Structures are given as C-alpha cells and as structure tokens.
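So the chains spell out like this:
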Amino acid sequence: MHYEFDAVVVGAGGAGLSAALELARQVGQTHRIAVLSKLYPVRSHTGAAQGGIGAALGNVEEDHWEWHAFDTVKGSDYLADQDAVEIMCREAIECVYDLEHYGLPFSRLEDGRIAQRRFGGHTRNYGEGPVHRSCYAADRTGHMILQTMYQQCLKHDVKFFDEFHVLDLIIHQGRCAGVVAYEIATGRLHTFHAKAVLFATGGFGRMYKVTSNALALTGDGVAIAFRRGIPLEDMEFFQFHPTGIYRLGILITEGARGEGGILRNNDGERFMERYAPTIKDLAPRDMVSRAIYWEIRNGRGINGKDYVHLDLTHLGREIIETRLPDITDFVRTYLGIDPVKEPIPVTPTAHYAMGGIPTDVDGRVVTDASNTPLPGFYAAGECACVSVHGANRLGTNSLLDILVFGRRAARHMAQYIQQVDMPAMPDDPEQWSRQTIARLMEGDGGERHGQIRAELQSLMMDNVSVFRTEETLKTALEGLAGLKERYGRVTVQDKGRRFNTDLLEAIELGNLLELAEVTTFAARQRTESRGGHYREDYPNRDDQNWLKHSLVSRGEDGGLVWDSKPVVITRFQPQERKY
Amino acid sequence: MQVRVRIRRYDPAQDQRPRYQEYVVDAEPEDRLLDVLNRIKWEIDGTLTFRRSCAHGVCGSDAMLINGVNRLACKVLVRDLGSTITVEPLRGFPVVKDLVVDMTGFFKAYRAVKPWLINDETPPPTERLQSPSERERFDDTTKCILCASCTTSCPSFWSNPEYIGPAAIVNAHRFIFDSRDRGAAERLDVLNSREGVWRCRTIFNCTDACPRGIEVTRAIQDVKRLLLTERV
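Protein chains in written order, with the numbering used here: chain W, 87 to 665; chain S, 19 to 250.
One or more hints might be untrue.
Result set (BS3-like, lysine-lysine): computed pairs, CA atoms no more than 27 Å apart in a straight line [as the list claims (entries may be wrong)]: (1) 427(W) <-> 366(W); (2) 132(S) <-> 245(W); (3) 132(S) <-> 241(W); (4) 241(W) <-> 242(S); (5) 245(W) <-> 126(S); (6) 132(S) <-> 295(W); (7) 634(W) <-> 664(W).
Everything labelled a hint here was simulated from the structure, so no lab data went into it. Remember, predicted model here, so these are calculated numbers, not experimental data.
Put together the whole structure using the sequences plus the hints.
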C-alpha cells in the first residue's frame with residue numbers, strides 16, 4: 087500500500103513517543119502523523135531502564151544544571167559536544183516537570199516533591215562528591231516513562247502502525263521522502279511517503295554475546311541510514327554497564343550503588359576505593375567495568391572466576407524492597423538468590439551505543455564533517471549521536487536524551503512540514519526491500535542466520551568489548567568479513583507471508599553485521615583510549631590527535647572510509663579525568 | 019538435561035486446525051523457557067513463531083500458556099517446569115500464528131478506561147505535590163506491563179470476550195487512586211457498565227497469573243467497593 091503522511095516517526099520507545107506526542111500537540115489537528123514500530127505498544131526497551139532520569143531539580147540538596155553539564159562532559163571524557171550538553175542539562179528540569187504533569191508516578195520525598203537518588207558520575211560543585219540528581223520511580227523509571235508517554239499519545243489520538251518493521255529509507259533528489267515498511271502480520275510491503283521522517287529506533291547491543299539489551303535491539307535504523315549513505319559517528323564507543331547479572335547480562339541498576347551498594351572482590355575488598363578514591367562505586371561506567379575486569383585478571387574474581395560481587399546486604403530489607411523491587415525480583419527469579427541476604431554475582435554487560443546517526447541539536451541528521459543536514463530526515467535517542475554522551479554516557483542521561491532531543495526534533499519537524507511540499511518519489515522505492523526479502527526467502531545457500539548470529543556475538547564479545555588491541559580488532563575484522571560472506575548465503579526456513587519472524591531475524595542479522603563492522607573499523611582507527619574505548623596498546627587519552635569525532639561511511643569500492651569532525655567545546659576545557 | 023517441548027502450532031493460512039509438535043532439546047535447569055524456544059527456532063525449526071523482546075520480564079511480549087498456566091516465557095526457568103513442557107498461545111484471543119495472538123481487543127479495552135491522567139487544572143511551575151502515602155495507594159497497579167496474562171486467565175473473560183477484563187481495570191485503578199487524577203467519574207462509568215467490574219467473580223486466576231506480582235483481584239475489589247460506597 088501507499089500511505090501519505092506529513093511526519094513519520096519510526097520507533098515507539100521513549101524518543102519516538104516523546105516526538106510523536108510533541109508533534110501531536112503542535113500540529114496534530116492540521117497534519118498527518120504516524121508512528122511505526124516493529125513491536126507492539128509498550129514493548130520497547132525504554133521500559134527496561136531502571137534507575138532514573140537526571141535533572142538538577144535540587145529537591146534533596148543543592149544542585150545546578152551547570153554541575154550536571156560538567157559531569158556529563160567529564161563523564162564523556164571530553165568528547166561530548168558541549169553546546170548539546172548544555173541544552174540537555176538545562177531542558178532536563180522542565181522535561182521532568184512535564185513528565186510529572188503528564189502523570190508519571192515518580193517516587194516522592196516526605197514533602198511530596200519528586201525523590202532523587204545518587205548515580206554514577208553525578209557530582210556536586212564540579213566533582214566534590216556524589217549528588218542526589220536522579221529522579222526515579224523505584225527501579226522502574228523507564229517503564230513509567232514508556233507507559234506515561236504511550237498514554238499521552240493515546241490521549242492525543244496518535245496513529246500507530248504496530249508491528250510494522252521499517253526496512254528502508256527513501257532519499258530522493260536530496261530530500262528524505264519516506265520509508266518502506268514490512269507489515270509483520272501479513273508480509274506485505276508498504277511505502278510511507280512523508281515530508282519528514284524521524285528515526286528513534288534504539289541501539290544494537292545484540293551484536294554482543296552478553297548484553298542488557300532486548301532481542302529487538304539490532305540497530306535497524308542505524309544500519310538503514312548507513313546503507314543509504316549517512317556516515318556514522320563515534321561508533322567505536324560502546325558502553326559496557328558494570329553490573330549485569332553474571333552470564334545473563336540482565337541489568338542491575340547503578341541505582342543499587344546509588345542507594346549504597348558496594349562492589350567487592352574475592353577478598354571482600356571494596357576495590358573501587360583504589361580506582362576512584364573520591365566517588366568509589368559511583369565512578370562512571372567505563373571506569374568501573376575496566377576495574378572489574380582488572381580485578382578478575384589479577385585473580386581476585388569470586389573464587390577465581392570471572393565475576394565480582396555487588397553487595398547490598400548492609401542496606402536492609404526495607405530499602406532493597408521498596409527502592410529496588412524489580413532488581414530484587416530479577417535476582418530471585420534468575421539466580422535464586424535473595425539480595426537482602428547474599429551478594430549478587432555481576433560482570434560487565436553490553437549496554438549502550440554512544441555513537442550512531444549524527445544529528446544537530448534539533449535532531450536533524452547531518453551528512454558530513456561540516457554538518458550539512460539532509461532535509462526531512464531526523465534522528466533521536468540511542469540510534470542518534472548528538473553528541474551528548476561522547477565517549478562514555480553517564481547513567482540517567484539516556485532517558486534524558488530521548489525526552490529532550492525527541493521533543494526538540496519534533497519541534498523542528500513541526501516547523502519544517504508546514505514549510506515544504508511533499509517530496510518527489512523515486513520510481514520504485516520498494517526495490518531494495520523486495521530484493522532483500524526475495525534473496526532470503528528464495529536463496530538456497532543453506533546458511534542459517536542463528537548460527538552466524540551466535541558466531542558474531544562471540545567474536546565481538548571476545549575482541550571488541552571493554553579491552554581492545556590492534557590484534558583483537560584485526561581478528562574481529564577478518565572474522566566479520568567471513569561472516570558477511572556467509573550471510574550472503576542465508577536462507578530462511580519459514581517461507582510463509584504471515585508473521586514471518588524467521589525472515590525478520592535474518593534481516594536484523596544483516597543490520598548487526600553492518601554495524602559490527604563499522605564499530606570495529608572505527609575502534610581500530612582510534613589509536614588512543616578514551617571513555618568506553620580502551621586500547622591496551624594505546625592506554626592514554628591523546629587530545630593532541632584524537633579530540634575529535636569519528637565519521638565512517640561506505641566508499642564506492644565497498645570499503646569503509648574514515649573521516650572526522652571537531653568536538654564543540656564551550657565552557658569546559660579538557661583536563662585529566664580523575665574521580 | 020533433555021527436555022521435551024510440546025508446542026501448539028497453527029498457521030491459519032495453511033493449517034486446517036491446530037496441531038501439537040514436539041521438540042527434544044538440551045537445556046540447562048537455569049535456562050529460561052524463552053532460551054529454549056529460541057534454541058528450537060534458531061537451531062531446529064525456523065518456522066516456530068512467537069513474540070519476544072526484553073527477555074527479562076519487563077516488556078510483556080512473551081506471555082503464553084505454559085504447562086496450563088499463563089507465564090512469561092522469559093520469566094520461568096526450565097527447572098521449575100519439569101522435563102516435559104507444554105506451550106500454547108494465550109486463551110481467548112484469535113491466533114495469528116503459533117504462539118502469537120491478536121491483541122487488538124485487549125488494547126481496545128485498555129483504551130476504553132481512558133488510561134491517561136485526567137486533570138485540566140493548570141499545573142504549578144514545578145511538580146505537583148504527592149505524599150509518599152498517596153503515591154503508595156496506587157503503586158501496585160503502576161507495575162502493569164500489558165502482557166494480558168491476567169485477562170486471558172480469567173474464566174469470566176473466556177465466557178464473555180466483551181468483558182473489559184482485569185488488565186483494563188488494573189489500569190483504571192492506577193488512575194482512579196492517583197491523588198492527582200480528576201477522571202474517576204468517567205472511568206467508573208465505564209467500569210460500572212454491563213461489561214465492567216461486575217463480571218468479575220473473584221476467582222483470583224488473574225492474581226496468580228500476573229508476572230509482576232500485582233494483586234489484580236484486590237485492585238478490582240477496590241474499584242467495586244468504590245462504586246458501592248460512593249456512587250451507587
């Protein structure tokens with residue numbers, strides 16, 4: 087079918103819903119808006135976010151958005167663009183109040199104001215000590231945001247296309263002209279002709295074996311944009327969250343340490359005191375993840391194994407069960423352990439892509455080192471790179487990012503769609519999608535996508551995770567070339583049109599392979615260590631040569647091409663990053 | 019260990035009627051049932067179809083009937099299911115394919131209770147105040163992930179699909195008992211109708227089924243009591 091809309095939002099997580107709501111509020115009466123999601127409503131991974139959303143409300147103690155901005159920049163290892171960080175931290179406060187007005191059930195202080203807790207890397211007065219900045223609803227803040235935003239979208243009659251999997255982006259005559267989507271229930275392709283498209287498609291943690299990410303997080307939007315010629319920014323920076331449940335990777339919120347939880351090695355030692363004397367267990371995630379691995383490498387993992395303990399036992403049942411009920415439930419369900427009485431076995435887990443589709447502060451996708459926008463194409467949330475997270479994101483800043491920049495993108499889109507006519511369309515916009523489906527359905531190469539995915543995830547986990555070297559990155563690139571070649575021979579077993587998840591998983595694997603290659607390539611180029619990108623062969627930060635964003639695109643010969651662009655620095659000059 | 023998994027298969031486009039297919043797979047006792055289903059799909063039979071996403075019990079995609087009771091496949095472990103596991107789609111919804119059901123009616127019932135904060139007063143420049151005890155009053159029902167385990171375990175719903183169902187009532191409760199909300203009357207009108215709360219026979223299946231531990235039956239009773247004491 088051929089649909090026409092003024093604005094199409096792809097993805098129904100926090101960024102997509104926040105944009106859709108703002109579009110509905112601004113131009114919903116006069117313009118046609120659609121939200122496409124490959125999932126059913128409220129299944130998006132925003133719902134899994136636990137610990138809170140950062141905003142300097144100062145409800146518990148003195149706080150200022152400038153302190154928040156400093157922490158974000160320092161946490162990013164000075165790679166974040168400071169103009170964007172300032173906008174985010176300033177607008178955070180209004181954003182949280184708006185959420186409250188929309189009905190979000192925040193936890194409360196005795197005086198009835200929004201409760202706030204400590205979180206990693208968030209400090210008072212430019213680094214003096216931890217500050218209560220994370221606004222939370224127990225340990226299910228993301229769930230509440232997702233529900234609240236979806237509820238508001240229903241109230242404003244937003245049109246949803248549930249279980250529509252976007253396969254391609256239509257770019258024609260220098261403008262974005264819409265998307266091609268696969269209707270999962272029927273197997274039909276649809277063209278959505280639109281003046282403006284926002285990608286809010288989330289991350290791609292499923293390229294790693296151990297991850298906190300949902301099975302759905304396969305980087306579809308990022309890979310589609312890349313395939314259509316958009317360079318990807320800072321892809322070498324992938325965050326490993328220090329406290330995933332051992333082996334499973336399920337997230338244990340940093341809020342657990344914000345409430346006083348302590349990481350301990352086999353000697354029972356609070357080892358973060360050695361790595362970050364000022365804020366200890368609340369150091370930023372990249373530092374804590376490395377510290378855990380160093381402990382394990384030095385034989386101080388629990389019983390010599392590859393994990394450490396997150397100890398909450400001193401917090402008492404009341405705090406644990408009221409402020410951390412969900413993680414308590416996870417630990418009881420999946421490990422059979424009661425965190426009130428026993429420490430939790432944890433290891434780092436692939437969590438968040440700092441890089442992605444480059445945008446400006448209004449969510450406009452930019453296509454080169456001079457930040458030239460592609461008219462009509464927007465991105466927000468984890469799939470985008472504004473960049474507010476630089477080389478390492480602080481906890482609570484992703485929920486903030488999706489709301490602030492989802493809304494800002496929508497405001498720009500609302501203006502844009504009132505100013506332009508419908509773009510022209512190419513002759514056969516569905517061609518690529520049709521051919522891709524046909525190849526996967528009809529080929530007889532005999533390769534199974536499940537097998538290739540498992541190998542991809544092990545390859546990336548072993549070679550492109552917390553520690554990297556020239557050697558591991560070279561191994562990964564060679565391995566990826568082999569996997570890509572085999573992927574060309576994948577065929578699916580399900581030949582039906584109805585709800586063919588076999589086909590969709592094969593398509594998703596293609597996206598993961600593409601992004602794994604870009605991630606590894608960018609990591610090999612960057613011969614320094616910064617934030618989440620740690621090169622054992624280049625262990626120091628090198629501002630002289632590397633205080634810049636990377637941009638990777640696909641050259642005409644099929645190889646990858648590296649470029650860079652400068653970091654925006656406003657008020658915080660780079661300094662050594664110590665906590 | 020080896021487990022035998024019996025799965026109800028049905029593709030309305032091809033099959034005359036549903037059938038059961040059996041798979042024998044290796045599994046660890048600590049595996050989630052979802053891990054086992056994924057293994058079958060990725061290694062044995064790509065046509066097996068189910069929804070899934072977060073894999074740790076917060077997105078609500080993979081509610082299904084597991085050994086006769088509604089559970090999330092990602093929140094139940096093999097060791098708690100025994101060596102023969104029967105998996106079927108949720109009862110009471112049309113089957114799209116295998117374990118995937120059409121939840122259109124479920125979301126329609128959800129929308130009917132106006133599941134958004136109703137309050138036209140101009141908000142203060144900062145947050146509205148709410149005491150911890152006011153917040154506690156509706157805490158339990160904020161946990162709902164709309165997985166439909168409750169509604170599709172309810173005999174009243176099976177016998178009358180027009181019944182608005184436990185999940186919609188839970189979500190109405192979440193707002194009715196929120197001190198900031200002013201829409202109780204509109205919601206209670208819906209819940210007091212013929213297909214509203216009075217269809218509930220206090221069977222408690224919904225409470226047993228809820229993967230989030232919500233006391234669903236109690237929430238429904240809260241609403242009934244409110245209707246009896248304040249409105250009728």
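Quickly compare the C-alpha distance for residue 132(S) and residue 295(W) to 27 Å and report which way the hint goes.
Roughly 41 Å separates the two Cα atoms, so the pair is violated.
With a cut-off of 27 Å on the C-alpha distance, tell me whether residue 634(W) and residue 664(W) pass.
Within the cut-off at roughly 21 Å; holds.
Against the 27 Å threshold, does the CA-CA distance of residue 427(W) and residue 366(W) hold or violate the hint?
Satisfied, since the Cα-Cα distance of roughly 23 Å is no more than 27 Å.
Restraint check for residue 241(W) with residue 242(S), where alpha carbons must lie at most 27 Å apart:
Holds. Residue 241(W) to residue 242(S) sits at ~25 Å (cutoff 27 Å).
Given hint residue 245(W) paired with residue 132(S) - CA-CA distance at most 27 Å
Satisfied, since the Cα-Cα distance of roughly 16 Å is no more than 27 Å.
Holds or violated: residue 245(W) with residue 126(S), Cα cutoff 27 Å?
holds, 14 Å
For the pair we were handed, residue 132(S) and residue 241(W), check the Cα-Cα distance against 27 Å.
holds, 8 Å
Hint violations for this structure: number 6 only, all remaining hints satisfied.
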